[in-house]
Amino acid sequence: MTAHFVDLLDQLRRRALRMASLVQDMLEEACDAALSANAGLAERVIGRDNDVDAEEVEVETEVIRLLALYQPVGSDLRTLCTVLKINNDLERIADCAVNMAERASHLGSDYDPRELKDLQHMSVIVQASLRTAIRAYADSDADVARDVRRGDDAIDATYGQIIRRIIHQVGDTPGRVASHLDILSIAKNLERIADHATNIAEDVIYQCTGQIVRHREFGDGI
Amino acid sequence: MVTVEAPAATRNAVPYRTPPMQQPSTELPVIRTDRLTIRYGSFAAVRDVTIDIPRHRVTAIIGPSGCGKSTLLRAMNRMNEFVPGASVEGAIHYRGRNIYEAATDPVELRRQIGMVFQKPNPFPKSIFKNVTWGAQINGYRGDLHELAERAMRQAAIWDEVKDKLHQSALALSGGQQQRLCIARAIALQPDVLLMDEPCSALDPIATTRIEDLIDQLKTQYTVVLVTHNMQQAARVSERTAFMYMGELIEVGDTNIMFTKPVQKRTQDYITGRFG
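Going line by line, the protein sequences match chains F and D.
First residue of the first sequence? That's 1 in the working numbering, and the numbers climb one at a time after it.
First residue of the second sequence? That's 1001 in the working numbering, and the numbers climb one at a time after it.
The set of hints was computed from the structure by calculation and includes no laboratory data.
Keep in mind that the hints are not guaranteed to be accurate.
Stated by the list, open to error - Computed list of lysine-lysine pairs in BS3-like fashion (alpha-carbon distance at most 30 Å, straight line):
#1 D:K1162 <-> D:K1218
#2 D:K1119 <-> D:K1162
#3 F:K85 <-> D:K1119
#4 F:K85 <-> D:K1218
As the list claims (entries may be wrong) - Here are the simulated distance ranges between beta carbons:
#5 D:S1065 <-> F:D10: 22 to 30 Å
#6 D:L1028 <-> F:G210: 54 to 62 Å
#7 F:H215 <-> D:P1106: 32 to 40 Å
#8 D:H1228 <-> F:D10: 21 to 29 Å
#9 F:L17 <-> D:R1097: 53 to 61 Å
#10 D:G1252 <-> F:H168: 55 to 63 Å
#11 F:I212 <-> D:E1101: 41 to 49 Å
#12 F:L67 <-> D:H1145: 15 to 23 Å
#13 D:Q1263 <-> F:S21: 33 to 41 Å
#14 D:H1228 <-> F:R216: 21 to 29 Å
Because the structure is a prediction, the values reported are computed rather than measured.
Note that CB positions come from ideal geometry on N, CA and C, so glycine has one too.
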């Protein structure tokens, strides 16, 4: 393979990282919009989705072009496969952020801010999880990626807690069902984002080691 | 219970065939090199190579120019003996017997371990004669036409030449000539086919036909393929060996070798970082 191909791979990786950075910003703003009922911020998140969609298509096109022209093997093949998969996960995360922003934009003011405590906690750990997954990708660090996988259980637990609280509160405040559903939807999107962050981490492990760890538990040679 | 099966060559024995060297177990490799070193004068082209060639599989040998892959291949049927100054240390066992023993008949060995070369090298004779010549001079007393048709069908060239069997083989295209050479090798009912870059002189369409053919041949023959084309090794072989500067660096399942090789030198070579 030529030095030119190595440069192209590097450019593609940097492009994926720029997209990751954009998606991270969208998530942060979507969380802020939801937690502070900031409609303007929510609109900004929604408006950035087209940029991510366009970038996803361009990155995918470039991956396909490089696969066709260079037929890479070994670590180069793993690098390209990883970009392709992470690209898809990032786009899905952006969609989730948009969903959150749409919910945030009509949350209104008829909810008790104290109800958002769990949601705030969840948003912090989900953002941290995505940040860590992207750092693992940037540094090609399988150990850091494994940390992301380990953290997913805590996120699922928090999500479960939010569901239980909402089920309890719906009976006490039947007039605010719409708000409860909005909060539930935001939590659901955060949970999905965490799953995508885990996917990214698993792809990083594949890129670094050649091991496909999806659907496998820790301790099973992972 | 260990199943003992005769080699393909003996199942379809022809009258002139000598008895097989050994009744093998299917568990054993067909060929095993044992700490093989091959020198041309004082230069060691192959160094201390131990590798198993499993039965009815395609094993590809890859590596940069001068790494010793063709030398290793040619040693498997003692073709290196034609190179002045070539010497061998270690052993190559074919079905359990060292082919460099004094008792081995190299002519008989080359009938059992056939070879296809980089450039198609048909004899300047008719298509029919090309395929039947080897059998004829070895005293084959069966139906030569039947032998030729069977070999040419196996080599996927019969339909293209059946109406011009007595025309010169030199009039065929490069791809057809190479398949004719494969038919010529098959006509001797070998056990193993050694292929030394058999597609390097062919265009992409002819290459595809040869690759398809290799895929079919492995059901009846053990194939060892030397190739510069890594994509070809990845496409047609089940096992790949990587050689560098005369040493065997790594050998394993092709799928693994081309996705997550163990050795850094293999990784660097297949991704074009050197060589």
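Hint check results:
For the hint pairing K1162 (chain D) with K1218 (chain D), the CA-to-CA distance comes to about 24 Å; that is within 30 Å, so the pair holds. Our distance criterion of 30 Å between C-alpha atoms is met by K1119 (chain D) and K1162 (chain D), whose separation comes to about 23 Å. As the CA atoms of K85 (chain F) and K1119 (chain D) are separated by approximately 43 Å, the hinted pair breaks the 30 Å bound. For the hint pairing K85 (chain F) with K1218 (chain D), the CA-to-CA distance comes to about 36 Å; that exceeds 30 Å, so the pair is violated.
For the pair S1065 (chain D) and D10 (chain F), the supplied restraint of 22 to 30 Å holds, since their beta-carbon distance comes to about 28 Å. In this structure the supplied range 54 to 62 Å is violated for L1028 (chain D) paired with G210 (chain F), their Cβ-Cβ distance being about 30 Å. The hint said 32 to 40 Å for the Cβ distance between H215 (chain F) and P1106 (chain D), and at roughly 55 Å that hint is violated. A beta carbon spacing of about 27 Å between H1228 (chain D) and D10 (chain F) agrees with the range 21 to 29 Å that was offered as a hint.
Range check, L17 (chain F) to R1097 (chain D): about 59 Å between beta-carbon atoms, so the 53 to 61 Å window is met. Range check, G1252 (chain D) to H168 (chain F): Cβ separation about 58 Å, and the 55 to 63 Å hint holds. At roughly 47 Å, the beta carbons of I212 (chain F) and E1101 (chain D) sit within the given window of 41 to 49 Å. A hinted range of 15 to 23 Å is violated for the C-beta pair L67 (chain F) and H1145 (chain D), which are about 48 Å apart.
Between Q1263 (chain D) and S21 (chain F) the beta carbon distance is about 36 Å. The supplied range of 33 to 41 Å therefore holds. Taken as a hint, the range 21 to 29 Å is violated for the pair H1228 (chain D) and R216 (chain F), whose Cβ atoms sit roughly 38 Å apart.
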